[in-house]
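S.K.: This is what each chain is made of:
Number of protein chains: 2
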Amino acid sequence: MLQGKASATARDADKMLTWQAGTDGSRGDAGPPVYSMENCSVARTMEILGEKWTLLVLRDAFRGIRRFEDFIAQTGIPRQVLSNRLSTLTSRGILSKETYREPGVRPRAEYVLTAKGLDVYPILVAIRQWGDHYEADPEGPPLVMEHRGCGAQVSAQLHCAAGHSVASAGEVSHRPGPGARPVNHPPG
Amino acid sequence: MLQGKASATARDADKMLTWQAGTDGSRGDAGPPVYSMENCSVARTMEILGEKWTLLVLRDAFRGIRRFEDFIAQTGIPRQVLSNRLSTLTSRGILSKETYREPGVRPRAEYVLTAKGLDVYPILVAIRQWGDHYEADPEGPPLVMEHRGCGAQVSAQLHCAAGHSVASAGEVSHRPGPGARPVNHPPG
Chain A
0 MLQGKASATA RDADKMLTWQ AGTDGSRGDA GPPVYSMENC SVARTMEILG
50 EKWTLLVLRD AFRGIRRFED FIAQTGIPRQ VLSNRLSTLT SRGILSKETY
100 REPGVRPRAE YVLTAKGLDV YPILVAIRQW GDHYEADPEG PPLVMEHRGC
150 GAQVSAQLHC AAGHSVASAG EVSHRPGPGA RPVNHPPG
Chain B
0 MLQGKASATA RDADKMLTWQ AGTDGSRGDA GPPVYSMENC SVARTMEILG
50 EKWTLLVLRD AFRGIRRFED FIAQTGIPRQ VLSNRLSTLT SRGILSKETY
100 REPGVRPRAE YVLTAKGLDV YPILVAIRQW GDHYEADPEG PPLVMEHRGC
150 GAQVSAQLHC AAGHSVASAG EVSHRPGPGA RPVNHPPG
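For the record, the sequence lines run as chains A and B. First residue of the first sequence: 0, per numbering that gives the first Met the number 0; consecutive thereafter. First residue of the second sequence: 0, per numbering that gives the first Met the number 0; consecutive thereafter.
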């Protein structure tokens, strides 16, 4: 699959912009129309989350960490970097800054996952899974995720809306969605 | 779920290191043993992939981009940064640098996804999905992923090995895996 060489036609760089390119790394039937990458959802997400510390901060939020000093203690993240990351995550609605009052102690800020933040979980599970498979110690993964009340291990899997499991990128084709922005070679 | 306040005991920072903390952002029944984060698979993966450009380069590799100049044209990544990222991805076995010979043209280097690289796909799908949901234009997502030959939309879903779908992080519990490294409060 990886070694399949494509025709010279498909090697035309600007045609490769098309979403019809094969997702298994091979080149598909490339051709117009061509769509802008300006509103790519991967790029937009990485603008927010695409920084090592950010996803580690979220990892720790899913472990129950909520306070500035606890994030510092857990990740070793520099204070100013953490401050910036929490600010971004709060302003983007991924964490909510709340005031926690315990009797006899001054109020403290806590950062809690919002619904938007909780929905980052499949990304973290997919990352953990890849790391467990390719980067774990010989002893095995440091962490096991289990389905509560069932005990079976949890993983992120590709599925289609018709209920099929999708084994690999080679089974997936890409087409322009409703927000696709043609940039040249418009259809028709 | 988010608003559940934990007991003062669970607020002890070093106890929060435990994997027993709730994955829904609440604090679970924290307590010893405590495990090291040194071999965390999320952290190890982010050491390799945790940089905005790296995942965008891989996104483009899944779209069929293989050549240095095409990556430049697609992503706008600075040349030296791309050179560094391709070097990392190649040295970590995620891309393979291959020589492509076309008649009458000098041989050119191509970067193709390895099996380890193809396995990054669920991470990209999970990222795209979150971005489609929370960051897309009002018109909708720019890209639709379809199951080849079936046409139904593809997404990354949490499932357990017993075949249940897992609706949210709140349904997942964490326990130490075979590679977990106790750091203090050893069991027993």
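Incorrect hints may have been included.
Treat identical chains as interchangeable: a pair holds within one or across any two.
Claimed, not checked - SDA-like cross-link-like pairs, simulated, lysine to any residue; straight-line CA separation at most 20 Å: (1) Lys51 - Asn83; (2) Lys51 - Arg107; (3) Lys96 - Met36; (4) Lys51 - Leu81; (5) Lys96 - Ser172; (6) Lys115 - Pro137; (7) Lys51 - Thr87; (8) Lys115 - Glu170; (9) Lys51 - Arg91; (10) Lys51 - Val80; (11) Lys51 - Glu170; (12) Lys96 - Asp118; (13) Lys51 - Ser86; (14) Lys96 - Cys149; (15) Lys96 - Arg180; (16) Lys115 - Cys149; (17) Lys51 - Glu101; (18) Lys51 - Ser172; (19) Lys115 - Gln79; (20) Lys115 - Ala161; (21) Lys51 - Pro137.
Worth flagging that the hints you see were computed from the coordinates, not collected in a lab.
S.K.: Hints first: check each against the structure and report whether it holds.
M.R.: Hints versus structure:
1. Lys51 - Asn83: Both. Shortest intra-copy (13 Å) and inter-copy (17 Å) distances satisfy the 20 Å Cα cut-off.
2. Lys51 - Arg107: The answer is neither: 26 Å in one copy and 32 Å across copies each exceed 20 Å.
3. Lys96 - Met36: neither (33 Å within a copy, 25 Å between copies)
4. Lys51 - Leu81: So Lys51 and Leu81 pass the 20 Å test inside a copy (11 Å) and across (18 Å) alike.
5. Lys96 - Ser172: So Lys96 and Ser172 fail the 20 Å test inside a copy (40 Å) and across (25 Å) alike.
6. Lys115 - Pro137: Between. Shortest inter-copy distance 17 Å satisfies the 20 Å Cα cut-off; intra-copy 35 Å does not.
7. Lys51 - Thr87: both (14 Å within a copy, 15 Å between copies)
8. Lys115 - Glu170: This pair counts as between: shortest inter-copy Cα distance 17 Å, intra-copy 29 Å.
9. Lys51 - Arg91: Answer is both: 17 Å inside a copy and 17 Å across each meet the 20 Å cutoff.
10. Lys51 - Val80: both (11 Å within a copy, 16 Å between copies)
11. Lys51 - Glu170: Neither. Shortest intra-copy (30 Å) and inter-copy (26 Å) distances fail the 20 Å Cα cut-off.
12. Lys96 - Asp118: within (18 Å within a copy, 35 Å between copies)
13. Lys51 - Ser86: The answer is both: 16 Å in one copy and 19 Å across copies each meet 20 Å.
14. Lys96 - Cys149: The answer is neither: 33 Å in one copy and 44 Å across copies each exceed 20 Å.
15. Lys96 - Arg180: neither (36 Å within a copy, 32 Å between copies)
16. Lys115 - Cys149: neither (26 Å within a copy, 30 Å between copies)
17. Lys51 - Glu101: Classified as neither; 32 Å inside a copy, 39 Å across copies.
18. Lys51 - Ser172: So Lys51 and Ser172 fail the 20 Å test inside a copy (29 Å) and across (24 Å) alike.
19. Lys115 - Gln79: For Lys115 and Gln79, neither the intra-copy (24 Å) nor the inter-copy (35 Å) Cα distance is at most 20 Å.
20. Lys115 - Ala161: Neither, since 26 Å and 27 Å both go past 20 Å.
21. Lys51 - Pro137: neither (24 Å within a copy, 29 Å between copies)
Hints 2, 3, 5, 11, 14, 15, 16, 17, 18, 19, 20, 21, counting from the list given before, are not met by this structure.
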